[in-house]
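Participant: Okay, here's what each chain looks like letter by letter:
Number of protein chains: 2
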Amino acid sequence: MLKPTRRRESRSHRGATIHDVAARAGVSTATVSRTLASPDLVSLPARARVMKAIEATGYTPNVAARNLRARKAMMVLVVVPNIGNHFFTEILRGIDDELVGSGYGMIIANLDNRPEREARYVDLAFAGQVDGVLLLGGRVPEGNGRRMSDAGLPIATICVAIPGAGLPFVMVDDIEASNAVVAHLHALGHRRFGYIAGPPGNMNETGRRRGFKAGLAAVGLRARDALYWPGDFMLDSGVRAARDFLSRKDRPTAVYAVSDHMAIAFMKTVTAAGVRVPEDVSVVGFDGIEFSDFVTPTLTTIRQPRRELGQAAARILLEALGGGKPTRGLHLSAPLLVRGSTGPAPKRS
Amino acid sequence: MLKPTRRRESRSHRGATIHDVAARAGVSTATVSRTLASPDLVSLPARARVMKAIEATGYTPNVAARNLRARKAMMVLVVVPNIGNHFFTEILRGIDDELVGSGYGMIIANLDNRPEREARYVDLAFAGQVDGVLLLGGRVPEGNGRRMSDAGLPIATICVAIPGAGLPFVMVDDIEASNAVVAHLHALGHRRFGYIAGPPGNMNETGRRRGFKAGLAAVGLRARDALYWPGDFMLDSGVRAARDFLSRKDRPTAVYAVSDHMAIAFMKTVTAAGVRVPEDVSVVGFDGIEFSDFVTPTLTTIRQPRRELGQAAARILLEALGGGKPTRGLHLSAPLLVRGSTGPAPKRS
DNA sequence: CTGAAAGCGCTAACAA
DNA sequence: TTGTTAGCGCTTTCAG
Chain A
24 MLKPTRRRES RSHRGATIHD VAARAGVSTA TVSRTLASPD LVSLPARARV
74 MKAIEATGYT PNVAARNLRA RKAMMVLVVV PNIGNHFFTE ILRGIDDELV
124 GSGYGMIIAN LDNRPEREAR YVDLAFAGQV DGVLLLGGRV PEGNGRRMSD
174 AGLPIATICV AIPGAGLPFV MVDDIEASNA VVAHLHALGH RRFGYIAGPP
224 GNMNETGRRR GFKAGLAAVG LRARDALYWP GDFMLDSGVR AARDFLSRKD
274 RPTAVYAVSD HMAIAFMKTV TAAGVRVPED VSVVGFDGIE FSDFVTPTLT
324 TIRQPRRELG QAAARILLEA LGGGKPTRGL HLSAPLLVRG STGPAPKRS
Chain B
24 MLKPTRRRES RSHRGATIHD VAARAGVSTA TVSRTLASPD LVSLPARARV
74 MKAIEATGYT PNVAARNLRA RKAMMVLVVV PNIGNHFFTE ILRGIDDELV
124 GSGYGMIIAN LDNRPEREAR YVDLAFAGQV DGVLLLGGRV PEGNGRRMSD
174 AGLPIATICV AIPGAGLPFV MVDDIEASNA VVAHLHALGH RRFGYIAGPP
224 GNMNETGRRR GFKAGLAAVG LRARDALYWP GDFMLDSGVR AARDFLSRKD
274 RPTAVYAVSD HMAIAFMKTV TAAGVRVPED VSVVGFDGIE FSDFVTPTLT
324 TIRQPRRELG QAAARILLEA LGGGKPTRGL HLSAPLLVRG STGPAPKRS
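Chains as they are written, first to last, in our numbering: chain A, 24 to 372; chain B, 24 to 372.
Keep in mind that a hint or two might mislead.
Intra- or inter-copy, both count: the list cannot distinguish identical chains.
Lysine to any residue pairs mimicking SDA-like chemistry, simulated, CA-CA at most 20 Å apart [what the hints assert, rightly or not]:
(1) Lys75 - Gly189
(2) Lys348 - Ala241
(3) Lys75 - Gly297
(4) Lys272 - Ala69
(5) Lys236 - Leu64
(6) Lys75 - Asp146
(7) Lys95 - Gly38
(8) Lys348 - Gly38
Simulated from the structure, these hints should not be mistaken for lab results.
Note that the coordinates shown come from a computational prediction; the quantities given were computed from them, not determined experimentally.
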């Protein structure tokens, strides 16, 4: 009795399988597989017939099957705190640049600023659906009692190093950048400073604030004399800081917002109230987003090389995926772009 | 002789398998599978032992295996013309909103404005790595002699309908929106118009231009008398249009740019040259991106409900994935936001 | 150079 | 209620 043939007929819409191709070409499935993976192991005539059969059937190897077999997914998980934030998109672009070249795809984990969303993506990592992870938020995602870092996958972080995690990172030096901001403003004669902060606990906020304070100390000013407004990097907190600024008699002459969004919202709000920038108050941002050069006045800011950050991180991850040597971390330089929103301090009133 | 046990010991770092759990719990793999998929089919004590074993081993079902078996991927491919373009991110957010709720993940296909990148993602679709596709660019990706639409997957398009493709779409009515723009400007007394275009052949450009011309005709103006500048939705083309504008003696008093990016760049450039907005020239954009409200003056524009567009499209796709009835298409309303960049036409010089 | 066969990890009939 | 078994589609020894 013949071995029953596989039930080919019920194949529905999904494309042809390797069996279809093999049958059509009159070879075994192994030969089809070899033709695709290492053609040099297959005789010329066989190869030709296989290629023709592939052409005729429109065969594309099934990824799930290949992944199962190869125990890898050719996918990288990119964890983004909030995909609605423009700051991240150029980084994604840099990541994609590198990934595509190596045949990897990109699955986006958008946390939407809600930590409870992490669990789902931790599972994804443990389920073997991705081969590596890129972290953008400064947190190692966790959920269901385990951490992403325990999934045994290579991980790299972008824009921030996670203390104690021992993960490779690619970022700019926040402290150094803040220092440059203070030095610039001090050289313009500013002595009273305001600082619009990032979210409490955020590592970038921590670094930038530390650099801000160190910068003040370096020029002989007391860090505690500066004004500190809470913030979360978003537009709204710039507006709130501006409202408080406007309500004060003893206003700072220079305001350093640790994101462009906050700086721009601050500028817009105080300008609308009749305060002139930079004549009455100088404003500095952080990030160097595209639009910082399209507001009035143009915004003095620290430019984060976002695309390069993404590229470098992806490269580090790809090296790790290739079994290469582990990189420890990388600082990219972030220039201060001096533009229209900073000027000489006004005369003492 | 005993049946040889599978070689468990070489399991490397990847997590435990269903066999590990089954062995530990003293049940078959089927029972483990059932415990996860339909617990009510498993006796309480067995269930408890399985759960304990899962806990102990840290087991997570392998996705590749499950996908292979189930013939689905629980992933949606989102094709983006250029992920660096801010316009798309809020749409992605809307998509993600809906997808997450249904257990689907999101793979990003970033074309980076290069059509040759399409082929890779066409393959992905044919390889069964995704269950559905969301198209943002107004093109059906093709490559290696086949089109994405032939992969047998549900597809929906966002922001634009592809003529003749018969795909469900979610978009705003470009013609109607352009009409509203012209009506608004005409009511302000404007008679000489400029139009900064989108890329030639782009369907949104086509619709918006048609609406623009129809709007002019509706108020008794000749469409051919308007000035048309080429553009591609990006900042640079706004700058180029502005340069030409500045070089003219007979300048239009109202300029309609079919993207906020171009409108903002146009405003910045003419303002820097001493032209006042809106006193000398009124400017209208399209899209309603966040920053259009943070430039000086604030930009009058058509607001595309981007998040809603993403959500609606994802919902349509999910319905199709669930075998639901096919939706034909959906128009979302796009209000004209009248802000600071439009005002009464200047007196005839 | 080629084919047979095992098996990646999981699920769903089918039996018991 | 549970276990046995047959694959999902692919790659890769191992023989020939």
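Participant: Look at each hint and say if it fits the structure.
Facilitator: Evaluated hints:
Taking identical chains as interchangeable, the C-alpha atoms of lysine 75 and glycine 189 are never at most 20 Å apart, the minima being 51 Å within one chain and 31 Å between chains. For the identical chains of this complex, lysine 348 and alanine 241 are neighbours neither inside a copy (39 Å) nor across copies (68 Å), given an alpha-carbon limit of 20 Å. With identical chains, the CA atoms of lysine 75 and glycine 297 are never at most 20 Å apart, being 74 Å at best within one copy and 66 Å at best between copies. In this assembly of identical chains, lysine 272 and alanine 69 lie within 20 Å of each other by CA distance neither inside one copy nor across copies; the values are 86 Å within and 72 Å between.
In the homo-oligomer, the alpha carbons of lysine 236 and leucine 64 never lie at most 20 Å apart, since the shortest distance is 66 Å inside one protomer and 63 Å across protomers. Within a single copy, lysine 75 and aspartate 146 get their C-alpha atoms only as close as 41 Å, which misses the 20 Å cut-off; across copies the closest is 18 Å, which meets it. When the C-alpha separation of lysine 95 and glycine 38 is checked against a cutoff of 20 Å, the pair qualifies only between copies, where the shortest distance is 13 Å, while the shortest distance within a copy is 22 Å. Taking the shortest Cα distances, lysine 348 and glycine 38 never come within 20 Å of each other, neither inside one copy (40 Å) nor across copies (23 Å).
Figure legend: structure checked against the earlier numbered hints; hints not met, in rising order: 1, 2, 3, 4, 5 and 8.
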